[in-house]
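Q: Next come the chains, spelled out residue by residue.
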Amino acid sequence: MSACVNSLGLPGRPQDTRVVVAMSGGVDSSVTAALLREEGYDVVGITLQLYDHGMALRKAGACCAGQDIYDARQVADRIGIPHYVLDYESRFGQDVIDDFADSYLRGETPIPCVRCNQRVKFRDLLNTARDLGAAALATGHYVRRVAGPDGRAELHRAVDPARDQSYFLFATTRDQLDFLRFPLGGLTKPETRTLAERYGLAVADKPDSQDICFVPDGSYADVVAALRPGAVEPGDIVHVDGRVLGRHRGIVHYTVGQRKGLGIGGLRGEEEPLYVVRVEAPTRRVVVGPKRTLARAGVRVREVNWLGPDAAPGEPVAVEVKLRSAQPPAPATVRLAGDGTAEVTLDEPQFGIAPGQACVLYRGDRVLGGGWIAAAA
Amino acid sequence: MAAYLDHNASSPLKPAVKAAMGEALDLVGNPSSVHAHGRAVRRAVEEARTRVAALAGTAPERVLFTSSGTEANNLALRGFPDRRLLVSAVEHESVLAAAPEAERVPVRRDGVVDLTALEALLAAGDGRPPLVSLMLVNNETGVVQPVAEAAALVRARGGLLHTDAVQAAGRLPLDMDALGADLVTLSAHKIGGPAGAGALLVADGLDPAPVLRGGGQERRRRAGTENVVGLVGFGTAAALACEDAAATGRNALLTALRDALEERALAAVPQARVIGAGAARVGNTTCLALPGVPAQTQMMALDLAGVSVGTGAACSSGTVRASHVLSAMGEDAATAGSAVRVSLGWTTTAADVERFLDAWTAVARRLTPGAGRTDGAA
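Line by line, the protein sequences give chains A and B.
Number 238 in numbering that gives the first Met the number 0 belongs to position 239 of the first sequence; there are no gaps in the numbering.
Number 21 in numbering that gives the first Met the number 0 belongs to position 22 of the second sequence; there are no gaps in the numbering.
Hints are computed from structural coordinates only; laboratory data are not their basis.
Note that the structure is a prediction, hence the values are computed from the model and not measured.
Hints may contain errors.
What the hints assert, rightly or not - Have a look at the derived ranges for each label pair, beta carbon to beta carbon:
| # | chain 1 | residue 1 | chain 2 | residue 2 | range |
| --- | --- | --- | --- | --- | --- |
| 1 | A | Gly-339 | B | Gly-329 | 20 to 30 Å |
| 2 | B | Ala-15 | A | Val-4 | 52 to 62 Å |
| 3 | A | Asp-207 | B | Ser-307 | 43 to 53 Å |
| 4 | B | Arg-82 | A | Asp-98 | 45 to 55 Å |
| 5 | A | Thr-282 | B | Gly-329 | 20 to 30 Å |
| 6 | B | Arg-82 | A | Ala-280 | 53 to 63 Å |
We treat Cβ as the ideally placed atom computed from N, Cα and C, and that holds for glycine.
Extracted from the complex, chain A is given alone in its bound form (with noise of 0.2 Å):
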């Protein structure tokens, strides 16, 4: 038994082995930190406070401890492990609220929950654990974690494609895999459910978190609006053809493939409904069209991280990818350009490819890698 590897493939046992568990007091991460207090490990609980819960539900002088800062704590208590709050505040501010309204305003449909996991979470929090002495840095995210053949991590999709994260977690890094866990990938959402019963914590029956943690009942535009005072406004809606259709209340309202809320529905002489083509920010023009002119099937791609076999600039590499969370991946073909851009091209074209989401490459269950999209031909 000297040279074993314990269940998180590190070496010791572990009571030996210190795992910081992010909490977020959802019920993923805290089955996530009891499984493994469960399995001996010395589990530190750690919860980020991101904004100030006063500030986001617009009340002054709420200070601090959101619900679910409180529930995770709770959770700590009753599994037994230290918890510690650290003030994200600033950090979160700057690197996903901002790049977020930012993002809007450039026409684009950002994903800031890739924003937090790159450069917050899987960043200074993963840094803090190694500051604390910890040998992993663990998450309650459905994806896998999966040892290759090189013996460095892959990065897989969950068993339960109905709760598969990874396409959130393109950006994670090999450095950053080699750290993180992720020990509820092989399990189904009830299994989590009934694991969070059978441990007694009493955000079992908690509802999933829905859309984005700092905008409040789903109104972006509003939020980036609070932000951004005055950059919202109206401009014109232009068909394809170059006809003014109407005016529009701001481009943070729209998102390319969008359909509804155009306001212009039922105009006469349109056969076909019509959808958002593009949003043009420095002209504040939202342009529409019918569905076939919002086909395309050559994205390009920045900020790529790539965690697949080594492929040389422009080499074509065979894939699957997912141009929107909630959609199935579809065979293209991409080629990596050596500058942290790439080129991908879909077998068949795709309506409703928007600048701001996450281009994510697959290969079977593996993720190789993405990136964001700037623009699609």
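Following the hints, position chain B against chain A.
A: Only chain B this time, still in chain A's reference frame:
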């Protein structure tokens, strides 16, 4: 064995205090009742009042019992609505938040209030008589403030002086009249008494407006049935603290332990600094900054090693922010956010100090930028 080195946050209950409180639990009745039972309880409250008064060298009729030092500070700052309020920039949050409109009196780099600035502020009066709040000992640095000198300046302008003395009691001889203070805040759990009992000492002739109404307790200045058990504990702890402050033995021992701790910490980690070292300080407190290393990371690592210390201002969620005290002393953000507070007290042994030094030195060497830290992910 865990080491508790956070006495400035709360000092453990002393055994004699616990015993006295245990007996007081058997008291029957309400101290406001005029029957024999009530009178017996009243006697216990008044004995506690006498003992708390003695801690500040003053008379029992000056003691207004409260639920906490925070309540006493609020009463002092909100109790005189016609006065112009001035507070030092390093006051406890319970003073700063009680008087958000108050003008801030700056401190010097060593943490001592700038008396020249105070004098200038007083001279530039707006016609209202001033009320100045200046703590006797700072909770984060242990720096002793020149309260008597400030009081003389304030008195010359027809003003009142309030001093939050919760961190001074038991550590310095305390004499309300010698300080020239009109209002003094005390707290039980900083001196080995229970949390939930505090006092505002009020000079003769002053009448702070009540915050709580609905009963005649504390001479109509603070309604609500007295926390009898807590006050008995407060009185007992005050009597013991009087002995501590008067006899040099116990405090001198703590000062020697503290000085050795600082000397060895600085020798082991040259990047570290003791904040306020240039000023007069009480002997139990060390504010140790490790520029660039977040205080919270140090606190967590020490906690995981079984050593409990304090950090600047903790929010309700337990997050730690940069210390307003250190910022007011002109320290940059990297320093103000990097200080842990080590505070010794009546339970502290040399072994506790050893345990702290072992754990803190290991943490500091691991995390100090440029001292061999390995930073994994970019």
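Q: So, for every hint listed, does it hold in this structure?
A: Here's how the hints hold up against the structure:
no.	hint	verdict
1	A/Gly-339 - B/Gly-329: 20 to 30 Å	violated, 43 Å
2	B/Ala-15 - A/Val-4: 52 to 62 Å	holds, 55 Å
3	A/Asp-207 - B/Ser-307: 43 to 53 Å	violated, 37 Å
4	B/Arg-82 - A/Asp-98: 45 to 55 Å	holds, 48 Å
5	A/Thr-282 - B/Gly-329: 20 to 30 Å	violated, 50 Å
6	B/Arg-82 - A/Ala-280: 53 to 63 Å	holds, 56 Å
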